[in-house]
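**Student:** Please build the complete structure, drawing on both the sequences and the hints.
There are 2 protein chains.
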Amino acid sequence: RRCPSAALRDFEFPPRAGNKPPNMLNVHLVPHTHDDVGWLKTVDQYYYGDRNDIQHAGVQYILDSVVDQLLKNPDRRFIYVETAFFYRWWKRQSPSMQQTVRQLVDEGRLEFVNGGWCMSDEATTHYSAVIDQMTMGLRFLNETFGACGRPRVAWHIDPFGHAREHASMFAQMGYDGFFFGRLDYQDRTHRMVQLEQELLWRASDSLPPPTADLFTGILPNGYNPPEGFCWDQSCDDPPIRDDPDLEDYNVNDVVSRFLGIAKAQVRRTNHIIMTMGSDFQYENANLWYKNLDKLILYVNALQANGSKVNVLYSTPSCYLQELHRANLTWALKTDDFFPYADSDHDFWTGYFTSRPALKRYERISNSNLQVTCNQLEVLAGPASRTGPFGEGEKKAMAVAQHHDAVSGTEKQHVANDYARRLANGWQRCQVLVSNSLAALSASSAKRIYCDNLNISVCPLTESSRKFAVTVYNPLARPVSWAVRLPVNGSAYVSSDSGDFRRKYISAPPLGYSTYSVSLLQNGPPPASMKPRHPAAIQNEYLRVTFDPDTGLLSSLANLETKQSIKLTQNFYWYNASDGNNTESNQPSGAYIFRPNSSTPFIISQTAKTETVQTSVVQEVRQWFSPWVSQVVRLYAGSRALELEWTVGPLPIDDSLGKEVITRLDTSIQTAEVFYTDSNGREVLRRKKDFRPTWTLKQSEPIAGNYYPINSRAFIKDDADQLTVVTDRSQGGGSIHNGSLEIMLHRRLLYDDVRGVAEPLNETSHIFPDGLVVRGRLLLSLERPPVAADTHRLIAQEMVLQPLLTFTDGDLNPNTRLEVRGFSGLQAALPPAVHLLTLTQWDQDLVLLRLEHQFQSWESKVSSQPVTVSLQKLFSTMEVVGVSEMNLSANQWKDEMRRFAWAPQTGTRDPRLPHVTLRPMEIRTFLLRVVLR
Amino acid sequence: RRCPSAALRDFEFPPRAGNKPPNMLNVHLVPHTHDDVGWLKTVDQYYYGDRNDIQHAGVQYILDSVVDQLLKNPDRRFIYVETAFFYRWWKRQSPSMQQTVRQLVDEGRLEFVNGGWCMSDEATTHYSAVIDQMTMGLRFLNETFGACGRPRVAWHIDPFGHAREHASMFAQMGYDGFFFGRLDYQDRTHRMVQLEQELLWRASDSLPPPTADLFTGILPNGYNPPEGFCWDQSCDDPPIRDDPDLEDYNVNDVVSRFLGIAKAQVRRTNHIIMTMGSDFQYENANLWYKNLDKLILYVNALQANGSKVNVLYSTPSCYLQELHRANLTWALKTDDFFPYADSDHDFWTGYFTSRPALKRYERISNSNLQVTCNQLEVLAGPASRTGPFGEGEKKAMAVAQHHDAVSGTEKQHVANDYARRLANGWQRCQVLVSNSLAALSASSAKRIYCDNLNISVCPLTESSRKFAVTVYNPLARPVSWAVRLPVNGSAYVSSDSGDFRRKYISAPPLGYSTYSVSLLQNGPPPASMKPRHPAAIQNEYLRVTFDPDTGLLSSLANLETKQSIKLTQNFYWYNASDGNNTESNQPSGAYIFRPNSSTPFIISQTAKTETVQTSVVQEVRQWFSPWVSQVVRLYAGSRALELEWTVGPLPIDDSLGKEVITRLDTSIQTAEVFYTDSNGREVLRRKKDFRPTWTLKQSEPIAGNYYPINSRAFIKDDADQLTVVTDRSQGGGSIHNGSLEIMLHRRLLYDDVRGVAEPLNETSHIFPDGLVVRGRLLLSLERPPVAADTHRLIAQEMVLQPLLTFTDGDLNPNTRLEVRGFSGLQAALPPAVHLLTLTQWDQDLVLLRLEHQFQSWESKVSSQPVTVSLQKLFSTMEVVGVSEMNLSANQWKDEMRRFAWAPQTGTRDPRLPHVTLRPMEIRTFLLRVVLR
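From first to last, the protein sequence lines are chains A and B. The UniProt record's numbering puts the first residue of the first sequence at 1, with every later residue one more than the last. The UniProt record's numbering puts the first residue of the second sequence at 1, with every later residue one more than the last.
Since no wrong hints were added, every one of them can be taken at face value.
Identical chains share a label here; the pair holds if one copy fits it or two copies do between them.
Straight line, CA to CA, 27 angstroms or less: simulated DSSO-like cross-link-like pairs of lysine-lysine: (1) K566 / K688; (2) K294 / K91; (3) K294 / K263; (4) K562 / K860.
Think of the hints as simulated: they come from the structure by calculation, not from any bench.
**Tutor:** The structure is reproduced here in structure tokens:
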């Protein structure tokens, strides 16, 4: 559907009359609600208005009420943001109500902004999951409302800091501008003074401008109305009392207060914005609109007496359009908005790590549910789609991206709800995987899944004498892994050769291999544990030494490049502030990291160790305390040293909240600089006690130097780069020269007074004494100019893990009939190219995203443009048509028109089956395919 | 306008279909809101939704929202009660919205119940003010909506106990039935067991049945929804979650809980009622209706499987109609529902006295604003109507009748608002009085008012050497009063004769007299104060003796009837419970009276006294403490002994809350019985520790024996009746044989946890140390069979006091031109007849109420029917037409059709200019008049 001329950006301004007042200060009132897709209540509790004892909030009623009120006055406007909620509401509406809403959207009276399934977190999300959730929300809007329903403005009013990669994605999704509410309090003041509350964010150092340029505006009052002007049912501000027969007529007072506030908001144009709404407001929209109608009436009535203030119902896109028309130049920004502090001791850097188990579960779910399951649905075709799966898995992942979901800032019962949704998704996904593998392998053998391999539980492998493992590889290049399974026998043989435990498992691109595993009756004994401090472990690439006195790491060497650094690593805990402090009463909590002291407590000076060495793997197992242990692991053939840490339950019998870090201290000369990724993609430079755009007054020497690490961080000097790849989002910093610390786990005894109203103290019936968390860090030591060639691939393998399925007993007797290996690709893609998305779009169409995964400056080899042939891509299907889309796949790329905020250059690629990818480019295609 | 056939009582039942289900349990859901006309916030704050920090409540939004929601589904119903709010809303609506609402009313979807300006208090109001406020509200509905807007049901869901006189009034106003929510917890249980929650209240012992018969129903859950079914925004009950795709589908659970509650409510018919609403609910009516729609849908869906429960949107009149159709006989009740206790130590008998100053101000405002001002407007005709007066005074009086207004149970700032409204009314009324007197007297002399005579302040009389006093008498018979004015000279002469201070002032019926007063240069010295205990004072009717040792009263004798009783009187205070108590933690508060001990503390065993004796008046002035004093006063020619008490500020430096009483101890043999009036009209018998309709388990020996005294109480035996007439509503009891105590003032340090959330601790800038209150009790001693002949007239004079106006200096030099006396009546009415109402109705019409003010058994002389001629009634106008109305003047009397709940007898009076009044009858007429 085309958007009729009456729609959003084209409506008359001011709306009621054609005579635009000259030299007016125009106040854009933006009625809005901010509806968390889970926080204090679950997403469905919020939708229905259940558990109002926790928080009064019911989104079904908000949408009911807003539509009613919009119909009462054509001037009124409303914006809606979170498609997860809108979708729930829409499908319960009558056709006539749906038609009414379409009309409101067509006329620009109801405008969607942002429009993703949720308003994603920016510090703890991975870009692939963010793109997926945005795609799902925008697709719903597109299919429901057509062009008029397409958001033109990104709107992240609540996330606690802003990632550059998010800005880059929003630009590539076609948004004309971006508004948010939260930034560092010093930054806000600085920008107010400099009139830089609007700016042009150049969000990639690789993509050619304006590809990743995003006009960005900072809202004047967070996302709240000005003080004294909150007319929601949840507020207590005085209504406009304009009946002169009743007591307390206050029109004059209200108008003069409003004019004072409007005139105090100094911006670069004669347009200013006021967000008239807040969390879950407009449940009874009449209160807001009735008073706003009066406000507009009485303020504008003064124009007859010469007032130069014009107030109007508006939307962010209307406001943005006016800023664009002003034809000014805007300050350029190339860094990001982390960390976020709302006061001098209140750094929101704790949530980078909060709920580490949920963060990991979200990340592995992305691999299994979003990537693998979607790929197999495409590759196996209709045969895969005979089960209960469908939108469910995607929705579970989408809501998990919310800024109170994977961020870890929700209440415990809500965290449980997110995890349960993901677990339901896994169950449905497994049905699809079984169907797909059955079709692709021509075997109906029952597939068994072992979801608890992280705690070494798999009833089948622990009991069976003979079973098969099918390993699916979601990457577009062949990969080998060491697969670790719990067994009770001492030796097994795989269908390929020799001792199963000595063998890697490999799988082809977008494909699987099946291995048969049998208990060996008279196999060799298991490798023995040697309870002593090892001197060193090494493989063909790396050599790791240990201090014989302490059992700690002491050095790391790259044998290929012949580089070596001193490296010690240990575990520490910061004592979380309990709020009793002369400087500030801010405690550490789910959001905020505030150590009591800048010096963390060491958990143990020494580690008890054991060593296991086989031809496949060498392990040094370190015990630091009953609640901290680690396996230092080096696989044969690996360029990465694995540190598998296990932390918890954190003891709290001393009544001290604890924030546990691991710290790597090296001989690298870092000069107070380190690097972190943004949402798993481009890497940003971080300097201690420094912000690129203003002179920082540092007041929290640790928390104020923490940054989100989504997939990797590194330190380097001219000679050496030590990169740490993480398996989930974590917070970290480089406080000392040569040092890199990563926060692993947190257990806190106080709420940090940002609304969640619970201390972050995770327990469960499985972990009544506190949550135990296990994770992995992968260390690589490389020369800086080529380090990305290693860490990009390692990180990619960490994000997209093989999916294992098992079948019991003998393989099908007619083994020949079963396809024991399969690749969905005709050939592996080059290492620089990541097959980001392959998902069924509808009956005939498949959505494909290809990504260049190197930054332009990272690698002499890999940072070159790469060309891929789409026609010869897949083995199971033929591509018979290609249409390139914007990143969020809600618009044809060649129809994407964005406001130009700076001179545009460059030409667009022709629509060819050969696709060239430049560094950090993601290209999104709809493919029309037929199965071969 | 006639009410179309679709209106309320005639709609199909159940509404959706003609096929009435047989043998069904029909559950009438009654959506409603209870909107206090002031309580924690002022009436206008409630209307606008201001001060939501105190309480979330905004009536403008309630009415907006309900109308919207009624339009969405024709099955939905709503009732509205308080016309003070509806009027405020209605006059701000557009003509099209008004038309929409008329339609909803015509179709019975919006139904008015009760419909007075407010829901009046029953324990502390005077019947005349209640009739006036009901008349105002019902008139608005009548004129706005016609017959369809006429409430058929009286609805007092919140008042804290129920007066028989209210029931009598409602019957005479034409209501078919009455529902309320609060009654004694023992009474409720008893009635549940006996199935007497519906009853026929025979509310007069004088009026022939069914004139004062009122069908009365007790609501099942106060006025709240059943537990778990509150879907207002102010509630936290789970909504109906009926989307099977979302978590927590709960339809089955909700339905089964509802069926359980419905089946547990056992009544005498197969119809039950559920009030679905509460205080200020339905501000966002969508929440209620959306869930009620679903409830009805899912519960009734079970009928297909044999369920015998039918649930429907309904109204009280629809429910009442079904009870009437059942054609049963109902238990008869002839007493009232006082006192109200909601638990065994929680008697709501404190508010009978709470805020004694406000209670007096309301009573005297009734005399000035409602009666005198209205009469003068009629008598002086159009000349009176050139000022800002009008509805204002009536509305101020009407809101003051609310059950959190004159009751004293509002917050302090709200009490101030009620008083301010009355004071504004006084100012407007005085303009009217000035205009009227100018017209009637043909004098334009400036009228001066002395509103502070109660504290002996009147700048004019205190400074002027010559002034005139005009005394208006609102009664229909001539009256003489002693007028007390503050002066600075020692002797004055009045225009009539001799020493002004020795002379009564008299005024003709519904008329005035003007007296000129001049300072006497060489007059006699003022009467001297004699500081000694007097032996006795007496006049031609009464003799009062004092104990020479204590200074207290010791006896009272009626010299005419030669009866004499021992009478001692003193002041005491109960120590208010602070809630620290083993039996219960209930403290005394604005509502609840709970003394810590049944024995009050005596304030002083003796009184310091002074005596003043003149030919006009004899006074014994008694000082009991710095905060309690009294003047015992006997005027020449008076049949009543006046006790003018002054109490306050009550000391609280001992941290003890105090409830001050005066107690009269006599030799009368009361046998635990005493008598109190009901709303100033009929008298009821009270017996200690006894209730007429159930066996009382008494748990509060003092508070549980307190009753409201609106105008009088008496004790008697065969020989003697001591009647005490009060000047305001107070609480009192007869705890000991021969004793009568009246609570005068209360000062409390704790809130009593019934919502007002303030201790009743009255201070102001004038009384920073606590409120001082002054009042009068009038005592008469008579033979019981004729006692009413005295106390009815005394009480009438106490309620309707003369209005004094002053003019400075010489009277008009052309004295002959000024009319110095005037009566609006051609002749005085007989003593049994009270001219209750004379008020301008519209340009041509005058509303007249005549009342027989004696009960049928009270007086051999006065309890006879009386006939009055309307035609020859007035001196200034001719009655050219008469129509008799129901009591509330919203229906022609001969068109008033009430449900018959018992065989009807009697015939109606023909519409004749001669009107016969039977004991306790009030008759209401619209007169068409022309000025003579």
